[in-house]
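S.K.: For the record, the sequence lines run as chains A and B. The first sequence begins at 1 in the numbering used here and counts up by one. The second sequence begins at 1001 in the numbering used here and counts up by one.
If you are wondering where the hints come from, they were derived from the structure by calculation, not from laboratory data. Treat the hints loosely; a few may be bogus.
[Stated by the list, open to error] Facing chain B, from chain A, some residues (calculated, C-beta under 8 Å):
1) THR30
2) MET33
3) ASN35
4) ILE74
5) GLN99
6) ILE103
7) VAL104
[Said to hold, decoys possible] Quick list of the computed label-pair ranges, beta carbon to beta carbon:
8) A/GLY95 with B/GLY1033: 44 to 52 Å
9) B/VAL1061 with A/GLU84: 31 to 39 Å
10) A/ALA118 with B/TYR1015: 46 to 54 Å
11) A/LEU90 with B/ASN1068: 13 to 21 Å
12) B/LEU1039 with A/SER62: 44 to 52 Å
13) A/THR108 with B/GLU1066: 48 to 56 Å
14) A/ILE26 with B/ALA1032: 27 to 35 Å
15) A/LYS4 with B/ALA1032: 31 to 39 Å
16) B/ARG1050 with A/LYS4: 41 to 49 Å
17) B/GLU1057 with A/LYS52: 36 to 44 Å
[Said to hold, decoys possible] For lysine to aspartate or glutamate, the following EDC-like pairs were computed, each having C-alpha atoms within a straight-line distance of at most 16 Å:
18) B/LYS1031 with B/GLU1046
19) B/LYS1075 with B/ASP1042
20) B/LYS1004 with B/ASP1048
21) B/LYS1065 with B/GLU1046
22) A/LYS75 with B/GLU1059
23) A/LYS75 with B/GLU1018
24) A/LYS5 with B/GLU1057
25) A/LYS45 with A/ASP68
26) A/LYS6 with A/GLU56
27) A/LYS4 with B/GLU1057
28) B/LYS1065 with B/ASP1010
29) B/LYS1075 with B/GLU1018
As the structure is a prediction and not an experimental result, all values here were calculated from the model. Here a beta-carbon is modelled for each residue, glycine too, at the ideal position from N, C-alpha and C.
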Amino acid sequence: MSAKKKILYVQTSGVDRPERAYAPFILATTAAMMNIDATIYFLIKGITLVKKGEAEKIKMGSFPSLKDVMNQAIKAGVKLVVCEQSCSLLGIPRGEFVQEANIVGAATLNDLALSADAVLCF
Amino acid sequence: MKPKTDKRVDCLGLYCPEPVFKTRMELDELKAGETLEVLADDPAAEEDIRALVKHLEQELVSVSKEGNTVRILIKKVK
């Protein structure tokens, strides 16, 4: 395995579907542990998960809070990117997101998808 | 004869993805040439750790089972 593999996780589910919120963070963190380059692209309602203060409110079953799982992903080197047009769509200003989430455009999503070895959507 | 191990990581009672995370963290602490013994009872752990070792390009020395417990030996080769 010479070149580092890449997986792109596309998260379209938001705070109203907490049962769909954990998987991309856990999978991406595991990918990072496996020396796989992992990026989560938050799109449409998915961007609400990385709005400041929201992940703290999500906790399901015996799982840690979504914030803990997100912090673990960030620490492992998972990249978080937020769709700019989705911010306009939902009326969330740029400064409202967690510090580690970078705002990017539509061309970036297309490029990330084409350059990844696999794309998973939630 | 039981192979020599330099470090042991106890993942008993831990579920996916924790055994993978713990194993990776412990492997990072090892020097090249050293061996790590992983104990786990999560049914997903064996396949997960095999995949981890493959991607990290380390060496899976052996996998053995006693009841529900799997014992995995990994050699850090680089």
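S.K.: Just to be sure I understand the hint, the distance between the Cβ atoms of B/GLU1057 and A/LYS52 should be within 36 to 44 Å; is that true here?
M.R.: At roughly 39 Å between Cβ atoms, A/LYS52 and B/GLU1057 fall inside 36 to 44 Å, so the hint holds.
S.K.: Would the stated hint for A/GLN99 survive a check requiring a Cβ distance to chain B of less than 8 Å?
M.R.: violated, 23 Å
S.K.: The hint says 48 to 56 Å between A/THR108 and B/GLU1066; measuring C-beta to C-beta, is that right?
M.R.: Because 50 Å falls inside the window, the suggested range holds.
S.K.: Hold the hint about A/ILE74 up to the distance rule: shortest CB distance to chain B must be less than 8 Å.
M.R.: Status violated, d = 14 Å.
S.K.: Given the hint of 46 to 54 Å, check if A/ALA118 and B/TYR1015 actually sit that far apart at their C-beta atoms.
M.R.: violated, 24 Å
S.K.: Measure nothing beyond the straight line between the CA atoms of B/LYS1004 and B/ASP1048; if it is 16 Å or shorter, mark the hint as holding.
M.R.: Between B/LYS1004 and B/ASP1048 the Cα gap is close to 23 Å, so the pair fails against 16 Å, i.e. violated.
S.K.: Checking hints one by one. Is A/ILE103 an interface residue toward chain B, by the C-beta closer than 8 Å rule?
M.R.: Interface hint status for A/ILE103: violated (28 Å vs cutoff 8 Å).
S.K.: May I ask you to test the interface hint for A/MET33 with respect to chain B, counting a Cβ-Cβ separation under 8 Å as satisfied?
M.R.: At about 4 Å, which falls below the 8 Å cut-off, the nearest Cβ of chain B leaves the hint on A/MET33 intact, so it holds.
S.K.: For a C-alpha distance cap of 16 Å, please report whether B/LYS1065 and B/GLU1046 respect it.
M.R.: holds, 10 Å
S.K.: If you take the shortest Cβ to Cβ gap from A/ASN35 to chain B, is it below 8 Å?
M.R.: holds, 5 Å
S.K.: Do the beta carbons of B/VAL1061 and A/GLU84 sit within 31 to 39 Å of each other?
M.R.: Cβ of B/VAL1061 to Cβ of A/GLU84: about 49 Å, so the range 31 to 39 Å is violated.
S.K.: Within a Cα-Cα threshold of 16 Å, do B/LYS1075 and B/GLU1018 meet the stated pairing?
M.R.: Not satisfied, since the Cα-Cα distance of roughly 20 Å exceeds 16 Å.
Hint compliance for this structure: hints 4, 5, 6, 7, 9, 10, 11, 12, 15, 16, 18, 19, 20, 22, 25, 26 and 29 are broken, all remaining hints hold.
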